[in-house]
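Using the sequences and the hints given, assemble the complete structure.
Number of protein chains: 2
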Amino acid sequence: MAHTVFFVSDQTGITVQTLGQALLAHFPGADVERVDIPFIDSPAKAERVAARIVEAAATGGQPVVLCSIADQHLRAIIKRSGVLCLDVLETFIAPLENAFGVAATPQATHTHGAPDSSDYEERIEAINFTLAHDDGVDGKHLADADIILIGVSRSGKTPTSLYLSLQFGIRAANFPLTEDDLENLTLPKSLLPHRNKLFGLSIDPVRIHRIREERRPGSRYASLAQCQFEARQALRLYQRLNIPHLDSTHKSIEEIATTVIQQFGLKRRVF
Amino acid sequence: MAHTVFFVSDQTGITVQTLGQALLAHFPGADVERVDIPFIDSPAKAERVAARIVEAAATGGQPVVLCSIADQHLRAIIKRSGVLCLDVLETFIAPLENAFGVAATPQATHTHGAPDSSDYEERIEAINFTLAHDDGVDGKHLADADIILIGVSRSGKTPTSLYLSLQFGIRAANFPLTEDDLENLTLPKSLLPHRNKLFGLSIDPVRIHRIREERRPGSRYASLAQCQFEARQALRLYQRLNIPHLDSTHKSIEEIATTVIQQFGLKRRVF
Numbered sequence: 001m002a003h004t005v006f007f008v009s010d011q012t013g014i015t016v017q018t019l020g021q022a023l024l025a026h027f028p029g030a031d032v033e034r035v036d037i038p039f040i041d042s043p044a045k046a047e048r049v050a051a052r053i054v055e056a057a058a059t060g061g062q063p064v065v066l067c068s069i070a071d072q073h074l075r076a077i078i079k080r081s082g083v084l085c086l087d088v089l090e091t092f093i094a095p096l097e098n099a100f101g102v103a104a105t106p107q108a109t110h111t112h113g114a115p116d117s118s119d120y121e122e123r124i125e126a127i128n129f130t131l132a133h134d135d136g137v138d139g140k141h142l143a144d145a146d147i148i149l150i151g152v153s154r155s156g157k158t159p160t161s162l163y164l165s166l167q168f169g170i171r172a173a174n175f176p177l178t179e180d181d182l183e184n185l186t187l188p189k190s191l192l193p194h195r196n197k198l199f200g201l202s203i204d205p206v207r208i209h210r211i212r213e214e215r216r217p218g219s220r221y222a223s224l225a226q227c228q229f230e231a232r233q234a235l236r237l238y239q240r241l242n243i244p245h246l247d248s249t250h251k252s253i254e255e256i257a258t259t260v261i262q263q264f265g266l267k268r269r270v271f
Numbered sequence: 272m273a274h275t276v277f278f279v280s281d282q283t284g285i286t287v288q289t290l291g292q293a294l295l296a297h298f299p300g301a302d303v304e305r306v307d308i309p310f311i312d313s314p315a316k317a318e319r320v321a322a323r324i325v326e327a328a329a330t331g332g333q334p335v336v337l338c339s340i341a342d343q344h345l346r347a348i349i350k351r352s353g354v355l356c357l358d359v360l361e362t363f364i365a366p367l368e369n370a371f372g373v374a375a376t377p378q379a380t381h382t383h384g385a386p387d388s389s390d391y392e393e394r395i396e397a398i399n400f401t402l403a404h405d406d407g408v409d410g411k412h413l414a415d416a417d418i419i420l421i422g423v424s425r426s427g428k429t430p431t432s433l434y435l436s437l438q439f440g441i442r443a444a445n446f447p448l449t450e451d452d453l454e455n456l457t458l459p460k461s462l463l464p465h466r467n468k469l470f471g472l473s474i475d476p477v478r479i480h481r482i483r484e485e486r487r488p489g490s491r492y493a494s495l496a497q498c499q500f501e502a503r504q505a506l507r508l509y510q511r512l513n514i515p516h517l518d519s520t521h522k523s524i525e526e527i528a529t530t531v532i533q534q535f536g537l538k539r540r541v542f
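From first to last, the protein sequence lines are chains L and F. Take the first sequence: its position 180, counting from 1, is numbered 180 in this note's numbering, and each next residue is one higher. Take the second sequence: its position 133, counting from 1, is numbered 404 in this note's numbering, and each next residue is one higher.
Please keep in mind that the hints were generated in silico from the structure rather than gathered at the bench. The reader is advised that the hints may include incorrect statements.
[To be verified] Chain F is faced by these chain L residues, among others (derived, beta-carbon under 8 Å):
#: 1; residue: H3
#: 2; residue: L86
#: 3; residue: F92
#: 4; residue: L241
#: 5; residue: K251
Just so you know, even glycine gets a beta-carbon here, dropped at the ideal spot from N, CA and C.
Below, the structure is given as structure tokens:
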């Protein structure tokens with residue numbers, strides 16, 4: 001019988017969902033059904049959640065509640081359901097109070113940048129910058145870029161750039177490598193003044209072949225020979241010009257982004 | 272003296288960083304410096320981290336380590352530094368083993384969608400869809416959208432759409448409301464077949480006035496009168512056509528996105 005895992009929060013629930021997902025990744029064999037329940041900020045809402053938990057306990061395997069609720073009265077209502085209820089913040093607040101030597105405030109300040117904060121402006125600016133500098137669209141303001149991703153088409157430049165701007169407020173541009181660049185092992189001209197901001201993505205040719213075949217089946221662009229040429233030359237270019245690079249074939253967007261941040265010692269502007 | 276808080280992980284560290292940020296939000300008065308240390312996956316790297324922790328303990332306030340390291344030998348190296356070291360996964364694994372009645376695997380499966388997974392394809396498709404349907408650029412494939420955000424310029428449509436696609440694999444389009452639409456309280460024609468997917472963003476006119484003034488100072492577009500007209504009419508339009516809506520003025524991107532997901536009961540395709 002499936003175990004329902006409830007991710008309950010008084011805010012968006014992103015913290016419990018993120019932690020919960022990492023925990024569940026350790027139980028690939030468990031029969032688990034996730035339920036996200038955000039914005040539980042009143043006794044009436046908490047009562048309804050408790051009722052759902054009790055119902056899940058009656059009809060399935062033992063449910064689990066991962067929650068993040070600042071108000072202890074609301075937390076108590078949820079816990080009255082009698083199932084395992086782990087409050088992720090409560091667990092760690094006390095040891096941190098000891099370490100810092102100050103009491104925690106019962107209500108968290110905003111976890112994510114509220115629109116009135118300077119974080120928020122940084123974030124929006126970074127997103128706009130990345131959209132304006134996607135795929136080499138605008139080469140004029142690259143001096144304002146924190147980082148410029150380069151690589152062949154479909155190597156992951158756009159998703160990684162968006163992730164960097166959206167999650168970290170990092171102004172990430174990205175630039176394609178053209179056939180001429182790859183043939184001659186040279187950089188696009190507009191990148192020459194920004195050599196120290198370049199990060200290259202390489203990728204398995206069979207993989208881009210497969211991706212491109214889905215988009216333009218039978219085209220030269222998608223042919224294995226073309227993909228092999230591009231992948232090989234891109235890697236040669238990075239090596240020749242000593243550009244830091246990563247093979248993105250088996251990496252998630254998060255892994256690529258984290259590697260870029262680490263490589264350049266970038267500071268996140270958004271928390 | 273500042274307390275250094277180390278977020279240490281054998282992977283990207285996104286889990287500890289997310290949880291850690293939520294925890295630190297309860298200590299607005301604490302003098303804290305954050306240090307992210309991802310990819311600690313060898314004894315040599317763990318030793319270097321331990322040395323940094325010991326150094327921080329010698330020169331500042333008591334450091335704190337929030338970590339997520341699957342290998343217990345590596346974890347032991349970190350813990351040898353003697354400071355408070357909370358492993359966020361370790362803490363919750365045992366109670367979950369009891370609840371599920373199975374042992375956890377020592378090594379997590381990928382937390383974020385690896386490129387070889389179908390999750391990953393869904394995610395990339397959603398990002399491409401959102402980019403192609405940003406700001407009403409393409410009205411042709413709106414039938415494939417999971418959700419269509421509407422609102423006046425600068426109300427948060429683009430960042431929210433990108434967040435939904437990048438974090439959840441949700442195909443989010445967004446569409447601006449033109450002056451004619453607002454004047455006549457009608458929807459853009461291409462949206463008429465998709466009424467049940469619309470979500471409206473409203474926003475305080477003084478706020479968009481301020482944002483627009485930064486971009487086009489002194490313009491009619493940025494004038495307070497124009498912003499007041501647009502904000503008022505957009506809200507009237509939502510109310511008249513019974514379109515679910517949210518005032519985004521004091522909401523983070525995460526809060527808007529979570530509200531949209533909840534409103535439409537959308538399923539995330541990416542974990």
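Here is how each hint holds up against the structure:
1. H3: 6 Å, holds
2. L86: 6 Å, holds
3. F92: Holds, because the Cβ-Cβ distance from L:F92 to chain F comes to roughly 5 Å (cut-off 8 Å).
4. L241: Violated: closest Cβ of chain F sits about 25 Å from L:L241, beyond 8 Å.
5. K251: 7 Å, holds
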